[in-house]
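Asks: Please model the complete structure; the sequences and the hints are all you need to start from.
Heads up: the protein sequence lines correspond to chains A and B, in order.
Quick note: the first sequence uses full-length UniProt numbering, first residue 1, plus one each step.
Quick note: the second sequence uses full-length UniProt numbering, first residue 1, plus one each step.
Just so you know, the hints here were simulated from the structure itself, not pulled from any lab data.
It should be emphasised that the depicted structure is a prediction, and the values quoted were computed from it without experimental measurement.
The beta carbon of each residue, even a glycine, is placed where N, CA and C say it ideally should be.
There could be a bad hint or two in this list.
Stated by the list, open to error - A few chain A residues facing chain B, derived, Cβ under 7 Å:
(1) His-163
(2) Thr-287
(3) Tyr-330
(4) Ser-364
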Amino acid sequence: MSPSVPLQEMIRAIRSARTQCEERGVIQRECAAIRAQFRQSDNGGRSHNLAKLLYVHMLGYPAHFGQMECVRMIASPRYSEKRVGYLGAMMLLDEKQDASLLITNSIKNDLIHSNQYVQSLALCTLACMGSAEMCRDLAPEIDRLLRASSSYIKKKAALCAVHVVRKVPDLGELFAPAARSLLSEKNHGVLHGAVVLITKLSSCPHSPLLLFVLCLPQAVPDLIQIMKGLVVSGYSPEHDVAGISDPFLQVRILRLLRILGRNNEASSDAMNDLLAQVATNTDSTKTVGNAVLYETVLTVLDIKSESGLRVLAVNILGRFLLNSDRNIRYIAMTSLQKIVGTDHNAVQRHRGTIVDCLKDQDASVKRRALDLSLALVSASNIRSMMKELLLFLSSCPPDLRSQAASGIFNAAERYAPSQRWHIDTILHVLTTAGDDVRDETVPNLIQLITNASELHCYTVHKLYQALVVDISQQPLVQVACWCIGEYGDLLLRGECQETEPVQVSKDDVLDALETVLQSHMSSPATRGFALTATMKLSTRITDNVDRIRSIVSIYGSCLDVELQQRAVEYNALFKKYDHMRYAMLEQLWVIFLQVCDLLDLLGGSDQILQPSPVVGGTANTASTAGGDLLDLLGGLEPVPIAPAPTVQVYEKHGVTLTMSCDKQSDSGLTVTLTASNATDSDMSSFTLQAAVPKVCHAIRHVSASCQRLCFTVTPPPACRFSSPRVSSYA
Amino acid sequence: MIKAILIFNNHGKPRLSKFYEHYSEDTEQQIIRETFHLVSKRDENVCNFLEGGMLIGGSDYKLIYRHYATLYFVFCVDSSESELGILDLIQVFVETLDKCFENVCELDLIFHVDKVHNILAEMVMGGMVLETNMNEIISQVDAQNKMEKSETFIFQSTRQDR
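Replies: Shown next as structure tokens:
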């Protein structure tokens, strides 16, 4: 039949080669022979040679020298040679090769050939590798073939048209009339092609002509008619697959109906009956039935169907979830994922089954279950879901870990019932899957810990214990170092209400930090954290400063430039600026900024805002754009435990400014600035300016109630500012 | 759209590779190797859908496969194809091969690659499903083979005449 014998001999020879090297030798000899034969002008076995070459190509060896031979064979009058030539063209040529342009003419001639099999070869090749130019050239021919008499050719032309439209969307207009008329065919293959073509056309950019010709809303009754015919008709042996009549066509039509009914009330109404019929009548014991049901469910959920139908659809999906066949469960979860946004409550009903699927052995099912579980987390079920998710995290396959970790973090951030729970959860994730978490986790966690001021003691104890056990997980070590640096005094105090008290000595803490610094497992960033923490401890613990100084000075000659810079600066702090050390390494105030601002802040987290001298003025004018005013309104406010004391911020030339903060409500903070004049004369042109950063919203400011600061005994009227507390989600 | 159809055996040797989008030869071989790695790790009773191949296209693409004796039949599809439908298509393909070759086995696929290509060309064209009726496919393939045979016969007889 086909050029098999010499091909089979070669295949046998290749298979008998015992080693890779031998096989390469055989193939090289064969290729050389083939090349020699290509150079000869005419021989009877041309197709054999090309077939051999294609086999060699499949095994992975270079075969580009066969491209011109393909072009020659396509132009040959003999069918067997054309067949192999076209096969070679599909495998070896593509739009980037110059040779592909040469076959355009041959394809054009073959499309008008008298033999329908030659036409079909040409159509097949064009659909497989036709470039945009080839498609443009040959589109009129294909349109003509769409109206041919043979259904064999019509169905092939329809799919070829799909490829053309994919490459050159503007040509959709050309095919629209023929496509529309094909819907009235009887042959299932042609119908199938027509439905696919119309589906493709409906996703093209819509010109008015295209819309008019396609007349999509009126296609709906036609399609419904065809579907009814398939569903209701009796047994038809040629299209039957396990009891369902042409399920492939049914699925295609359902898909097209979905596209047509998507935002269209009228079409959706027309389809309701049919969809209900299909949903109830289809036999779901075999895979085929399930395929049709699945498609029906997707269509019902996507169009504007009535609520009874939607309930039916979700119930079918629920049944799928309980099916013993894993394939069915997989696709049920895939479709539930699509509707979890819109029909959340309906999906919640099946939460138990979905969570059970997390424990399935199949990796694909696990992946789907993870996605769906994360989407189903809500405020009411957060505790139980998190338990399951954390269990999953400890035993899940490595490629799902980072997705699971970031999903857990998002869920915890949105629905955490308490801060302590939140911190516990994050710690748990860091200890189980620490290396797979995202980079922003560390700053996020630090912000969280800082804000949970009651839990500082508890947090630092837990982190210290985790650090002592294991220093390989970088995010955990970074956060632990930072915490120990900030709240080292709480750690050393030893008492903690929330956990068991553990005696920790200063040497233990410094030992732990030094281990992190010296370990080869620590990344440079982690070392930076540890060094800064060691430095901060110099203000938290009063003795052992010498040990800290020595640690820091060692790193002054470290090879890592970042560490070296830090160490040198800290050394300088010890030597020349010791008086500023305490101020610089003070504990951070509660932070209310957004994450992106936080990253900037952490860049200089050990430098606390310094009281900067007020822009000076003469005795006559005093403008009060105090640097402290700026800093306070920047959203940082003192730890809200006790009412903040009145602070004298400026005293010069007889003008004294004092400020006091007063938290009146949860969303507002009042800063009172009191200006007093201690000189003997009056001051005039007293202006008040306040500069505020963008994070503060809606500052209400009552301007200074007088322009003159008079010399009085009684305290002058004060200026009030109101600034809302900036929330961390502003 | 179907991106690629691959048949390989339990050791990863390709028996048929058809790509409906263009890749370089090296990439094609890499795809075959990567698919084999992903598919061979799967247990017998897990589901037939796989995600996660990096090379062939990223998040939209799935691998749908079936394992018959010594061969894996893998279809790489995007989200516009129904997964269960493709599973059925693989079944129809294998049944067609069985009818054409009479109790098809791996050796048949090895020695008659071109025939398998011809059968496949009647089922899937340009990445889209063309025909799913087994009898229709077989009758078309038979007609084409008959045409080829008659040509060879004529050619041989003209040669003898010289």
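Asks: Next, verify each hint and record whether it holds.
Replies: Hint-by-hint comparison with the structure:
1. His-163: Result: holds, 4 Å to nearest chain B Cβ.
2. Thr-287: Cβ of A/Thr-287 sits 6 Å from chain B, so the hint holds.
3. Tyr-330: This interface hint holds because 5 Å falls under the 7 Å limit.
4. Ser-364: Given a least distance of 5 Å, the restraint on A/Ser-364 holds.
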